[in-house]
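Trainee: So the chains spell out like this:
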Amino acid sequence: MSALSPATAEDAGDVTRRHGRLRHVLRGVGTVCFTLFGLLLITFGLSRLSPVDPALQLVGDHGSASSYAAMRRTLGLDAPWPVQFERYGVRLLHGDLGVSSSTGERVSDDLRRVFPATLELATLAMGLSTLVGLPLAVLGAWRPRGVLDALVRVVSLAGNSVPIYWLGLLALYLFYAHWRWVAGPGRLDDAFEYTIDMHTNSVLIDSWRSGVPGAFANAVSHLILPVLLLAAYAVGNITRLTRAALLAEAGKEYVTLARAKGATDIRVMLRHIAPNAAGLVVTVLALAYANLLEGAVLIETVFAWPGLGRYLTTALFAADTAAVLGATLLIGVCFVLINGLTDVVVQMLDPRSR
Amino acid sequence: MILCALCFAHDGLAASLPDVLVVAQSLDDIASLDPAEGFELSSLQAFTNVYQRLVQPHPDDPSTLVPTLASSWTAGPTPHSLVFSLRADAVFASGHPLRPEDVMFSLSRAVKLNRAPVFILNELGWRSENIDGSLHKIDAHRVRIDWSSDVGPAFVLRLLTAPVASIVDEWEVAAHEANGDAGNGWLKNHSAGSGPFKIRRYIAHEALVLDANPSSPQGAPLLKTLIFKNVADAATRRLLVEVGDADIARDLGPDQIAALEGKPDLTTLRFPSATIHYLMFNAANPSNPALANPALWEAARWLIDYQGIALRLLQGEFEVHQSFLADGYPGALPDTPYRLDVDKARAILAGAGLKQGLSITLSVMNQPPFGDIAQSLQSTFAKAGIRLEILPALTSEIYSKVRERSEEAVWLFWVPDYFDANSTASAFASNREDGTKTLAWRAGWHIPALSGETAAAVADQDPVARQRRYLAIQAAVQKSSPFVIALQARSLLVVRADVHGYRQGLDADMAYYDRVRKR
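Order-wise, the sequence lines are chains A and B.
My numbering applies: residue 3 is where the first sequence begins, and numbers increase by one.
My numbering applies: residue 1266 is where the second sequence begins, and numbers increase by one.
Hints were generated in silico from the structure; no laboratory data involved.
Note that the coordinates shown come from a computational prediction; the quantities given were computed from them, not determined experimentally.
Be aware that one or more of the hints could be misleading.
To be clear about the criterion: a stretch of chain A counts as covered by chain B if any three or more of its residues have a C-beta under 8 angstroms from a C-beta of chain B, and this derived list gives those stretches [said to hold, decoys possible]: (1) 29-38; (2) 41-49; (3) 52-66; (4) 132-141; (5) 165-176; (6) 230-241.
Here are a few chain A residues that face chain B, going by a calculated C-beta distance under 8 angstroms [stated by the list, open to error]: (7) Ser69; (8) Gly78; (9) Pro82; (10) Gln86; (11) Gly186; (12) Pro187; (13) Val304.
Quick reminder that beta carbons are idealized off the backbone N, C-alpha and C, glycines included.
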């Protein structure tokens, strides 16, 4: 047996670590692929179990038997389910999400149009709810069961309990119809909407780049209500879960020790409790963001906001399988990306999780 | 929030533009804007304003035909042919002149594409294999059409008023053909017509923007732009028209209409609609033999609170109507012999030996106003000892069940496909047992004699005799059939007070925006 030189041992260690990282990455990619495949399979299965007949939906009740049969062939419904799924999978591997039967457009084009609308709404709402929710949670955890805490709990519960659909209509009635403080449903007033070229499909960016006087202010005015309402909904969860995480840390021995050593309340909260709760808080924020990305259907309906939630809901009712699968896949990818990013951030913040 | 709001205070730029009309409605139903394919309410209404046919119903009197792209027509060399002279000055929105080839291309294309509305043209006996032989160019301005079905020219002209018979610009469509799709992919969201408007932009589930077509043979419209905005929520549509960001709001519920009535800057328009609502028993369902019993059908006619539903429950959205042809159609039977009379119904049921405790599953669409109607039926049927189990379902699910004849009873509505009595009569009063799945077939109603009468009526070329036939057919269906026809819908719109000139007819496609102006 020959002894390895230190340099060779170091190289071998590097190789092992690289292999380990490669295995880790490959395992991660494999898990993501498997998750997305499972998601597609379940969505496809559910769409086929749906009582809505896609061909009948398009041909209509008065359509002839020959048109109905032709439509089934056009949609590929005349093939057995496994064959339909296989065909979809093969097309997907070539980057083709198919054509939406309810819009007549390529699903990828539809998603490029509707997803930025939701992304913009969700991102702004997320930023606002984080700015409001985190300080509220800290205030609530500062003096548990105090007046301030009670107030924070009421606010967070209200955000979760009041139906957002009702709140949306009420807000529209008061701030748009009654006081005229903000613009109403839609992303822009009609005076701008069909004259500004939507390159990015982000209304803020496109209205800003258009240079049309008043367009950007109008876009902001249209965004105010839906963003505030979505943020109010997210604030409830963020505040409640963050407060719970902070309180859980506050009861631990290291906090008692810090207090015994004479640390001030602010120092205890900012230097001891907050860093230890940060991992959980990041996870809460990530989940809230993912929910906003796929769960804004009601707000998008009330505010006539042409986003992903409305697209998916309309496609579901129209039994538009290609659109449903495409939108589900996109949402799945968002969840995977957000979860992956969250894992990285949590590992950076909390060495225990590495 | 208040600070934010005040910084961007809304100055109401939207619908205040004088030559732009904004219509708030749901556009989610649009699957295609190709007239050979689209067969949804919103697309049909768009076709009326974007395309023209050879002949069209007069907007104010749909029973009168108006030459549109044809300047005149005469009988052809056989009883089953017509010769159309085309308007010499007619041009499409593209600037291309109208030619006989455009007519032949449009009709042939619609038949060969074989999409949802093609069954209307199939009534002429036109199929993919014979359509090209049925259309002939006579000269630069005349075209002849032949048909093989046993129907008269008056009926053929009526079929040619349907949106599927819209004339498209062959050169324009051919320029956008891809992979042998006859331009279908392009026409789904573009236009190639000669109507008063042309499509500027269609964004699915978002908006349809039409620009005026000044060269339209029927004259330039009074507005420059027409914007149909997809606003799925009725409450939001109400707010938009109330504020003035929409000029017209369609499909508002009775409560929303009631809330807006009396406001000085709004007007409520009520148009009669040809939509008929009816209860259908499935006599072909073997699991419940009572469904095929004519005594049940008769008793059911006395167990509907027609007035209560029309006037109180749905507040004027409907009127009582008990025959299958809507009021306003030539030959419609105006009689309303039935009212709520539980005692009479009980006596009929007892006389037929139908015992108390009869249970029937009633399928209804899970959207307004069907739930309210079903609850009213449940209450009144219960008084006669019939238990109705309400089964709400998606519209498509209901239609699937009806086509499979697997439901027991269902509340449905009927919208005619073209302005002729045959469109509805052939559904309710014809079951030729030849594979054609009419409503009568779906209800399991065997009616060889009545089916013969319906076929004879459509072939009858004497308009007066034809109307008499339809009156008799309606009376037969009204007296005893698995259909209990109860209501005729009204179309309710709220418009801003400065909007004038909007016209709407009985049929789904008859929405006319060309004479609308704002002042």
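Trainee: Give a verdict on every hint.
Mentor: Hint check:
1. 29-38: Check failed, 0 qualifying residues.
2. 41-49: Answer violated; 0 residues pass the 8 angstroms Cβ test.
3. 52-66: holds (count 12)
4. 132-141: violated (count 0)
5. 165-176: Coverage by chain B holds here, the residue count being 3 at a Cβ distance below 8 angstroms.
6. 230-241: violated (count 1)
7. Ser69: holds (5 angstroms)
8. Gly78: At 16 angstroms from the nearest chain B Cβ, A:Gly78 fails the 8 angstroms test, so the hint is violated.
9. Pro82: violated (20 angstroms)
10. Gln86: violated (19 angstroms)
11. Gly186: Result: holds, 6 angstroms to nearest chain B Cβ.
12. Pro187: Since the shortest Cβ distance to chain B is 5 angstroms, the answer is holds.
13. Val304: holds (6 angstroms)
Checked against the numbered hints given earlier, this structure breaks hints 1, 2, 4, 6, 8, 9, 10; the rest are met.
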